[in-house]
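> First to last, the protein sequences are chains A and B. Numbers given in our numbering equal positions in the first sequence, counted from 1, plus 18. Numbers given in our numbering equal positions in the second sequence, counted from 1, plus 2.
The hints are simulated quantities; they were obtained by calculation from the structure and are not laboratory data. Everything numeric in this text was worked out from a predicted model, so none of it was measured. Honestly, I wouldn't trust all of these hints.
[Stated by the list, open to error] Below, simulated DSBU-like cross-link-like pairs (lysine-lysine); rule was C-alpha separation at most 30 Å, straight line:
(1) Lys43(B) - Lys28(A)
(2) Lys317(A) - Lys254(A)
(3) Lys107(B) - Lys460(A)
(4) Lys43(B) - Lys418(A)
[Said to hold, decoys possible] To give an idea of the chain A side of the interface with chain B (calculated C-beta under 8 Å), a few residues:
(5) Asn26
(6) Lys28
(7) Ile29
(8) His250
(9) Ile251
(10) Cys400
(11) Arg430
(12) Pro447
The beta-carbon is built from N, C-alpha and C at its ideal position, and this holds for glycine as well.
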Amino acid sequence: MKLRGGYNLKIEGRPGGFLDKASLPETLYLPLASRSFNFSQICTVHGRHVVVGDILARDPDNYDIPLLSPCSGQVDLESTTGHVVLHELSGDESGVQIKYDDAKHAHKMGSADFERHKLLNLGAWEYVKDAYTGQTPDPLSTPQAVIVSTIQLEPFLVRGDVLLEASLQQFTRGLEHLQSLLEYQPIYLVLPKIKTDISAKIKEHIRGYAWVKTIDVPLKYPYDNAAILSRHIGLKRGDGFIWSLNADGVVAVDTALTSSKPCVERVISVAGPGAKHPLHLRLTAGYPVAEIRKRYAQKHAVAVDGGILTGQLLTDDIKGISVDCKGITFVPERQSREFLAFVRPGFDRQSYAPCFMSSLRGLFAERLTNSVRGEVRPCVSCNFCEEVCPAGITPHRLHKLIYQDDIDEIERSRIDLCIECGLCSFVCPSKIELMHEFQEAKGAIAKEKAAAAKREADAAQQTDSE
Amino acid sequence: MKILLQLFEKVRPVFEDKGVLSPMKPLYEAMENFFFAPASKTLYAPFSRDPLDIKRYMSMVIIALLPCVAASLYFFGLQIISMIVVSYAAGGLVEVAFAVIRKEKIAEGFLVTGLIFPLVLPPATPLWMVAVGCAFGVFVGKEIFGGTGRNLFNPAIVGRCFLALAYPAAMSASWIEPGSGLTGRLLQYVTGSNVEAITSATPLVEAKQGVFADTLHLAIGNISGSIGETSGLLIIIGGIFLLLTKVSNWRTVVGVLGSAVLFEAILHGVNPEQYAPALWHLFAGGLLFGAFFMATDPVSSPSTNQGKWTYGVLIGSVAILIRNFSGYVEGMMFAILLGNIAAPIIDEIVFSVRLRMLRNE
């Protein structure tokens with residue numbers, strides 16, 4: 019598939035190129051549920067003293083991915099619901115060595131799988147996702163390919179060059195470790211199509227690695243998406259897992275396998291039009307959200323977990339940074355209602371369609387708020403969503419099918435190819451929540467399928483018992 | 003402006019669910035959101051949105067039509083203003099009535115319909131016919147299909163078609179000789195009783211008798227014809243503005259004009275005595291206006307780019323067919339209606355081809 023669609027938003031508040039380290043807070047709040055994990059199996063008890071790398075909880079639905087203790091401290095399971103709270107923190111990094119006997123998976127793996135076991139239990143596996151489903155792949159499986167992205171095109175998330183600048187050595191070593199887990203499968207390395215210092219350095223480092231294939235990708239959101247890239251390369255959906263990970267994931271692999279240390283530190287971005295000084299921050303999971311808000315957010319700003327296009331609202335129930343957080347985006351709240359907004363010339367507005375005078379002015383970054391900027395209207399088939407859609411599906415048609423509640427036709431129209439990049443909702447002049455509708459429809463289809471599978475299983479059981 | 007906003011806040015309870023005027027809530031909301039940007043905030047990702055909304059989107063069409071409106075005032079007189087006002091009033095009334103009954107919001111689509119509709123009428127059309135035609139167009143062309151976004155036909159064309167079929171005599175007696183000189187007809191209010199201004203002939207009617215008007219006149223617009231469609235150059239200027247803003251799609255326009263010109267050029271090449279040159283047909287009648295402003299209506303045209311090509315070529319060639327080989331002098335109206343009918347089918351074909359191509363993904 020050729021890369022198609024896509025759109026680069028110009029919004030004020032991109033994080034700068036420097037990396038800050040957050041100081042150790044007084045308390046850590048580790049959320050038990052995050053966007054991709056649900057650590058429902060608690061492995062510690064209230065009041066226990068834990069050290070770095072101790073397993074606090076596991077996610078039984080995702081190959082027992084562990085929730086690691088990022089610091090030494092006292093466990094508190096009772097004060098905050100849905101969180102493991104750590105008090106009396108100390109930052110001594112006495113990295114624990116995982117013993118082979120401790121392995122929960124030990125009985126089913128040979129020594130060749132030892133490294134995968136280490137990846138899982140030292141917290142590196144949570145960086146690996148399947149390209150098509152976005153789920154955690156089976157750590158013991160062999161993938162059909164690995165896609166490593168060094169770029170991050172969604173606005174306000176951690177920039178690949180910032181990560182790599184600090185840890186290029188670890189990155190290349192991590193690639194070698196990844197290769198050692200594979201048989202003959204290629205590792206696709208995603209690099210920007212333009213020439214940058216960092217991409218030149220990476221190319222220098224990987225010269226001679228026959229198993230690394232580079233893909234040069236134009237810098238247009240969301241061409242760095244693993245599903246889009248897999249389709250671009252021609253990897254088939256049914257041929258097994260495709261491991262996809264970013265630069266931070268590769269560095270985590272290196273941390274786990276070279277120095278056998280738990281991967282508890284991560285780099286997130288704190289950015290967006292509502293951030294005081296957009297920057298990158300090195301911290302551990304569980305860092306209090308309130309602290310970040312106090313230090314880095316402007317007044318009247320909404321906090322979003324993730325980027326502005328695909329993130330989730332950070333509600334007050336979530337007290338700390340989750341283990342799979344990529345960044346916190348602050349979006350200022352809309353303060354006033356503009357008088358006769360739609361007839362204004364709009365020199366200060368950045369729009370997909372050149373309907374504002376700003377199109378005479380060239381590119382600039384606009385300070386956006388969380389206003390919807392218009393009323394919800396019926397779809398007029400303006401086709402903008404179809405133009406920006408990188409997956410090659412037709413969002414406005416899907417919207418109409420969802421309105422008709424025609425689940426079969428929705429499925430036939432390949433809603434499963436939607437990568438939930440959010441561009442359709444962003445550009446829609448009728449302000450239709452396209453992406454949200456698609457997420458709900460996908461959920462409904464999944465539910466229906468599960469119910470059908472259960473019915474079938476029940477029926478089979480019944481015939482068996484007869 | 004604060005005072006106005008406070009006023010809106012103050013009267014809001016009257017229109018809320020238990021208020022005295024609660025059925026009129028769509029009207030109140032339309033007024034409030036006309037003056038002040040809506041207060042809604044994003045609840046789902048993406049958390050910021052593009053500034054373009056439907057109001058702005060539709061305003062672009064109105065801006066693009068302004069040169070034609072200005073030219074028509076000069077060529078045909080001040081009655082154009084009252085026709086536009088009547089058209090807006092009649093169309094708006096139907097729109098508001100349906101919004102109130104359906105308890106839905108008033109959509110901005112009628113702002114465009116209300117302006118385009120008079121522009122495709124003869125310049126001396128009686129006001130009551132404007133009102134009837136616009137109301138019929140909005141009602142039958144749009145509302146009974148479910149309102150803006152769901153209509154099968156372009157409402158302005160439906161209204162125009164209704165008038166052409168219901169009152170053919172009155173319509174053909176409403177053409178006006180264009181004004182000339184410094185002020186043109188800018189200071190006149192021409193009606194059907196104004197005998198010396200009325201003419202029965204438009205360039206396309208004359209062409210049937212073998213008399214071809216000067217192409218330059220057609221391009222400038224000092225020629226008899228429907229209100230908005232006489233000045234080819236101004237239509238092209240407005241149309242290109244609309245293409246640049248991405249509100250209309252260039253594929254439709256190129257499809258219509260390209261196929262019409264090509265078809266006519268072939269006809270002219272075969273028999274130059276019977277068929278007019280392609281350039282003449284391009285500027286005559288409603289071909290340009292229809293291509294730039296009516297065929298490009300996003301709702302009633304196919305939504306896919308490949309579909310738009312097909313749709314454009316269909317309209318362009320059918321228009322030329324009707325002009326040259328039928329009793330009707332102008333083919334654009336029926337061609338667009340036919341295109342509207344074909345649009346959903348074209349879309350379905352494009353979709354099924356697309357899904358077939360995605361099958362291996």
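> May I ask which of the numbered hints given earlier this structure violates, with the numbers listed in increasing order?
2, 5, 6, 8, 9
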